[in-house]
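Visitor: If you want the building blocks of each chain, they are given just below.
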Amino acid sequence: MIYLDNAATSFPKPPEVAAACLDYLENIGASPGRSGHRAAAAAGRILYRTRKGLAELFNFPDPGRIIFSENATGALNLALFGLLKKGDRVLTGPLEHNSVMRPLRRLEGTLGLTIDILPTGTESHYDLETLARWTRERNYRLAVFNHVSNVTGTIAPLDKILPLLREHGILSVVDGAQSAGTLAIDLQRLRPDVFCFTGHKGLFGPPGTGGLCLWEGIEPEPLRLGGTGSRSEAELQPEFLPDRHESGTPNTMGLAGLGAGVNFILKIGQEKITAHERGLAAILHRGLAEISGVKVFGPRPADRGLAVVSFTLNDASPAEIGFRLDREFSILTRVGLHCAPRAHRSLGTFPTGTVRLAPGWFNRKEEIEAVLSAIERIAGRGKRK
Amino acid sequence: MNIYLLFPSIHNVMAAEDLCTGAAIATDMRPVPREISSDCGMCLACREEDREKIQKLLRQAGFSCPVHLYRAEPGRKFTFLTAIP
Ligand SMILES: Cc1ncc(COP(=O)(O)O)c(C=O)c1O
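First to last, the sequence lines map onto chains A and B. Positions 468 to 852 (my numbering) are the ones given, in order, by the first sequence. Positions 2 to 86 (my numbering) are the ones given, in order, by the second sequence.
Bear in mind the hints are in silico, worked out from the structure with no lab data behind them. As the structure is a prediction and not an experimental result, all values here were calculated from the model. One or more of the hints may lead you astray.
Said to hold, decoys possible - Lysine to any residue pairs mimicking SDA-like chemistry, simulated, CA-CA at most 25 Å apart:
{"#": "1", "chain 1": "A", "residue 1": "K762", "chain 2": "A", "residue 2": "I469"}
{"#": "2", "chain 1": "A", "residue 1": "K519", "chain 2": "B", "residue 2": "P32"}
{"#": "3", "chain 1": "A", "residue 1": "K519", "chain 2": "B", "residue 2": "G63"}
{"#": "4", "chain 1": "A", "residue 1": "K832", "chain 2": "A", "residue 2": "L650"}
{"#": "5", "chain 1": "B", "residue 1": "K78", "chain 2": "A", "residue 2": "S502"}
{"#": "6", "chain 1": "B", "residue 1": "K78", "chain 2": "A", "residue 2": "R505"}
{"#": "7", "chain 1": "B", "residue 1": "K78", "chain 2": "A", "residue 2": "R698"}
{"#": "8", "chain 1": "A", "residue 1": "K519", "chain 2": "B", "residue 2": "P67"}
Said to hold, decoys possible - To give an idea of the interface, some chain A residues facing chain B are shown, with a C-beta separation under 10 Å as derived from the structure:
{"#": "9", "residue": "R505"}
{"#": "10", "residue": "Y515"}
{"#": "11", "residue": "G531"}
{"#": "12", "residue": "E706"}
{"#": "13", "residue": "L708"}
Heads up, the beta-carbon is just placed ideally off N, CA and C, and yes, glycines get one too.
Bound conformation, chain A alone (with noise of 0.2 Å):
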């Protein structure tokens, strides 16, 4: 089996991720914060290093500032629900997921939002021209911005769109949820207000895990009230991070497993798996080229792509190629929309969407080149340009 489906979600995980896991439940067990005794400490000091470890991979400065949820979506709702108000006026990406979308439509509706969204332009599909003529004529309250495309790997020009966000005062929200662990992230540099990221994806975490980084100063209502082991004689929520926004039992096996893909990536080196990732992804690029009838979407590698590598073959539907790989050549991709039609409206791929490849750290070079293999026979035998 070649598993090519890492930005749905990454696998194989690091063996050490599943042996976090797997010590918790066996070993620890107790909730963190709660109770006084040695076990809910242990599990306390899991939460605790896997903050540590997340603000050293992000160069963000205060680990009691990283809010844990389970997923990017919990995080953007969070970021999104608990900072907007009333009649705000918002901006957003061309590659937007539906875990932007949908919380801004709802929130369209309820608190009469008026959303913008940028058109796709030259600069890796961010139109900076527009975008810096919106912010000067525009009162934006808050921009949320995609930081790499779920849909064809294009990295957003943060380094350029940020700084303008805050010079007109303008709150920003990035959705990591493909770059953390996928891209050197230097938060203190890029100073996002909210940085949302997933922890199944890039960071090796299981599923159910994921956060946000508030920037100081920045604080969101809280999503959910409940108990936080803090000020238990209180009947209002605590103010104070992280607790205030991490109400009920957390997830402290999988945050446990997060802790340790988070080590892995700082051992390993961030740099050298994206390195590792994008040389896989230059390869897909450069074989699809070859193969009459693909058209791949979004940038190469070289040119502000990571390794998430999206084509169509000629009229085929990629739901057919999808199972076509999955069936004849048991490699497993992802096809159709992506959660992001709005990504795929401005690639001009809406309603059929695309084929996605996306390699990872575990890939070697002999599946990449047994995928463009099958996608040649697949296109029809020996078809090459």
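Since chain A is already given, all that's left is putting chain B with the ligand on it; use the hints.
Guide: Frame of chain A, contents of chain B with the ligand only:
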């Protein structure tokens, strides 16, 4: 260990413990004494002679959350000492 340091979040307790361990100062994580607060959380205990060192360490590390210090007296009495910052 008769000095108790109380923090808002368990995260702060862990961070303080980590700092002290790094500086080779012995601490002990304990439940918050019932006499100080009805909170069900945890706090950090340390020796009287390490108190100054720990306070300095926390300040240097830029601990922005409030930390409350207590001394345990005989008969499970706790005297409030100071709050930092
Ligand atoms: C760009 C992007 N944003 C958000 C998400 C949502 O992540 P999760 O499913 O972990 O909540 C995903 C992946 O599914 C994604 O690719």
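Visitor: Hint by hint, say whether it matches the structure.
Guide: We went through each hint and held it up to the structure:
A C-alpha spacing of about 22 Å is found between K762 of chain A and I469 of chain A, which places the hinted pair at or below 25 Å, so the restraint holds. The suggested pairing of K519 of chain A with P32 of chain B holds, with an alpha-carbon distance near 23 Å, which does not exceed 25 Å. With a CA separation close to 15 Å, the supplied pair K519 of chain A and G63 of chain B stays within the 25 Å bound. For the hint linking K832 of chain A to L650 of chain A, the alpha-carbon distance of about 20 Å falls within 25 Å, and the restraint holds.
Distance restraint check for K78 of chain B and S502 of chain A: the Cα-Cα separation of roughly 22 Å lies within the 25 Å cut-off, and the hinted pair is therefore satisfied. Proximity of K78 of chain B to R505 of chain A is assessed by CA-CA distance (about 24 Å); at most 25 Å being required, the pair is judged to hold. Our distance criterion of 25 Å between C-alpha atoms is met by K78 of chain B and R698 of chain A, whose separation comes to about 21 Å. Taking the CA atoms of K519 of chain A and P67 of chain B, the gap is about 20 Å. The hint holds against a cut of 25 Å.
With a cut of 10 Å, the hint placing R505 of chain A at the interface with chain B holds, because the nearest CB-to-CB distance is about 8 Å. Residue-level restraint check for Y515 of chain A holds (minimum Cβ-Cβ distance to chain B is 3 Å; threshold 10 Å). Among the interface hints, the one on G531 of chain A holds; its C-beta lies about 5 Å from the nearest C-beta in chain B, closer than the 10 Å criterion. A hinted interface residue such as E706 of chain A counts as satisfied when its beta carbon comes closer than 10 Å to some beta carbon of chain B; here the least separation is about 9 Å, so the hint holds.
At about 7 Å, the closest approach between the beta carbon of L708 of chain A and any beta carbon in chain B falls short of 10 Å, and the interface hint on this residue holds.
Violated hints are absent here; each numbered hint is respected by the structure.
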